[in-house]
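Got chain C; can you put chain P on it based on the hints?
Top line first, the protein sequences correspond to chains C and P. Each residue of the first sequence is one higher than the one before, counting from 1058 in my numbering. Each residue of the second sequence is one higher than the one before, counting from 1058 in my numbering.
Take every hint as true, because none was put in to throw you off.
Restraint-style ranges between C-beta atoms, simulated for each label pair: (1) 1407(C) <-> 1117(P): 35 to 41 angstroms; (2) 1118(C) <-> 1432(P): 17 to 23 angstroms; (3) 1118(P) <-> 1118(C): 17 to 23 angstroms.
Quick look at which bits of chain C chain P covers, simulated, 3 or more residues with Cβ under 8 angstroms: (4) 1098 to 1112; (5) 1120 to 1129; (6) 1168 to 1182; (7) 1306 to 1313; (8) 1341 to 1350.
Just some of the chain P residues that point at chain C, by a computed CB distance under 10 angstroms: (9) 1067; (10) 1069; (11) 1097; (12) 1100; (13) 1101; (14) 1163; (15) 1195; (16) 1328; (17) 1329.
Calculated directly from the structure, the hints in this document are not laboratory data. Glycine is no exception: its CB is placed at the ideal position from the N, C-alpha and C atoms.
There are 2 protein chains.
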Amino acid sequence: MVSEKYKSMLAGKSVIRELSEFAAERGKEIDYENVFDYSLGNPSVPVPKEFTQTMMNLLSSKSPAELHGYSPSLGIPSVRKKIAQSLNRRFDMNYTENHIFMTTGAAGAIAHAVRSVTEPGDEVLTFAPFFPEYHPYIDLTGAVLKVVPPNTEDFQINFTLFEEMLSEKVAAVLINSPNNPSGVVYSAVTIQKLADLLHKKEKEYGHEIFIISDEPYREILFEGADPIYVSNYYDNTLSCYSYSKSLSLPGERIGYIAVNPACVDSDLIVSMCGQISRGIGHNCPPSLIQLAVAEVVDLTADMSVYEANMNLLYDKLIELGFTCKKPDGTFYIFPKALEEDANLFCKKALKYDLILVPGDSFGCPGYFRMAYCIDTEKVKRSLPALEKFVMTEYGK
Amino acid sequence: MVSEKYKSMLAGKSVIRELSEFAAERGKEIDYENVFDYSLGNPSVPVPKEFTQTMMNLLSSKSPAELHGYSPSLGIPSVRKKIAQSLNRRFDMNYTENHIFMTTGAAGAIAHAVRSVTEPGDEVLTFAPFFPEYHPYIDLTGAVLKVVPPNTEDFQINFTLFEEMLSEKVAAVLINSPNNPSGVVYSAVTIQKLADLLHKKEKEYGHEIFIISDEPYREILFEGADPIYVSNYYDNTLSCYSYSKSLSLPGERIGYIAVNPACVDSDLIVSMCGQISRGIGHNCPPSLIQLAVAEVVDLTADMSVYEANMNLLYDKLIELGFTCKKPDGTFYIFPKALEEDANLFCKKALKYDLILVPGDSFGCPGYFRMAYCIDTEKVKRSLPALEKFVMTEYGK
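Only chain C is shown next, with the shape it has when bound in the complex (with noise of 0.2 angstroms):
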């Protein structure tokens, strides 16, 4: 017989992915340059030229068994040595590439850290409103994740509601910022203040707290935003990243693990996820594509197009009477709905054909998250329509 696990998965659908097929569906009645289409974090803006540039040369130059051949199971030892680098010029680290293993994007980097420092039935903490996706993620690791309730003042760390939740059983607290789907960038006070109860609450139940820091937004900071490298604030770090965003490279599956040099078994922790991805068929990124991001490894895409689009977007909906912390960074924003259920709300906005995404499994009900990675001259030509339904619904 199948699965009874994942044959019972197929029932609960991604609420991101049902919007995101009825705008598609939508499209094809109206024009989907007509639908607004808010829904998918699927980024807009190209890929640097200079990563074109680059395949091209090593698909012309280098033999194929030097392009194509398997990749050591950590990774080509080049490609993350270029990222350490890269890291500590800009970060003031001391990786090598010892501490480098290189995934198949976040998701990847996060399937491998979990099982790095859990044993099944462990607690690992996220704060509201987080990534939905998080909870296949870790569910199934065989860890257990626990959110912890937003704080919808300035969407910081409720350290409240946190510090009861941090129990015995917490092996790691898994965060996200620049934050999908608050935009908001946690600040060196919150940082540094996870730090000390960590460190406070490591002692007191005398083992590691990790934390896992997904950080696929981390270059798209909007202005005054300060660029904080969580994994200085806490040895015990395992940052997570893609190149997804950055480099807009969302389909070609690459991105790293980096354990802190200072780390409790640092020098373990990379080879063990060697042997994790044995068991998951992971077995290292395309050799190709880790071949060709080493080479633009401190570029990024232009993405002053995300900035340009919150600002259009922030100013209309606090003109339109939004309670809305603005974006430091990502390309979200994530609003307060004009009722309290956001998904009435977003019910009542498709008869716009605004796609909105309700802040529900986001883990934070009444919000609702738009996604502006699209181009800056239809966000231009949604600001009307979002004008139209808030009036119209809200008689404001």
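Using the frame of chain C, we list chain P on its own:
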């Protein structure tokens, strides 16, 4: 604390990997050209030039969003369709795109296939000699791998011992033909007998017993070998494929599962694989590689060198008095060692710069594997070393 399970796995290094590392070290002393390294199954023939040309065309003609955007979680529909059509043409099947799940090579395929048709604690049977990585592949899913002892007469299935082990707890049978390490192809008689026995036991036990058919060497067949497609013989078959060997692309991690349309729940299994992937950090092989492979789906690298190498080695081994089944395909040969302990035999061979892998980790003590996916010139140069080794150590 870091995970005990994965930490303890660090102690158990792969014998193949250790020998390969030894060969590389020795190569620094005497030039790698003079090390007769038969340890690793890393294809030596180049990828077809059509693949490289397709990659160049894609990079220069398609938009970055088309090339590098997220792939749907089951794979790109047009790619899955082309693979289904190719299998239908070649093996008289009736797959649609809905029966194809894109994976990161055969390792990814097995990771998903086993999870989709087993519950934790279920048994999976395989047949010695077998690829040693099956142990971590299966063990870490929660299922239990049990190995049916070899039939060293002809390396077909040992049906007497198989039937004894085929208890009610067996949920799946994992087969690998053409076989690593024996190079043997299971005959039509063997596969039919296997299918008949499984049908009988399915009825007796009242549940399905799936065949998971690991087929990365499917296209590497030598003169006279029968091109058997397992799914033609047994409905409940999940075929696990990789382009690593047929296209010489091992580093690009691209393959698929093809679920027989007549398989129980065939309409669900591919979708279930999409759910499984959420928990193991898989999220599809790279978009660009998917698109490129779809354009060369009926091609293979020029693999005639493998048959030439096999014939050179086989003739020499027979001349020197070895007992050896002539391979039907792959790039492996699996002779009987000249003393009972193949570990000692292989250790002695090192003195002659011959890197041979003992059969113990393949579940077949007393035999040894040679992976001859190397230059034919090097094979020729190795023959006097092989002769000297045998003459000197075994007085033949």
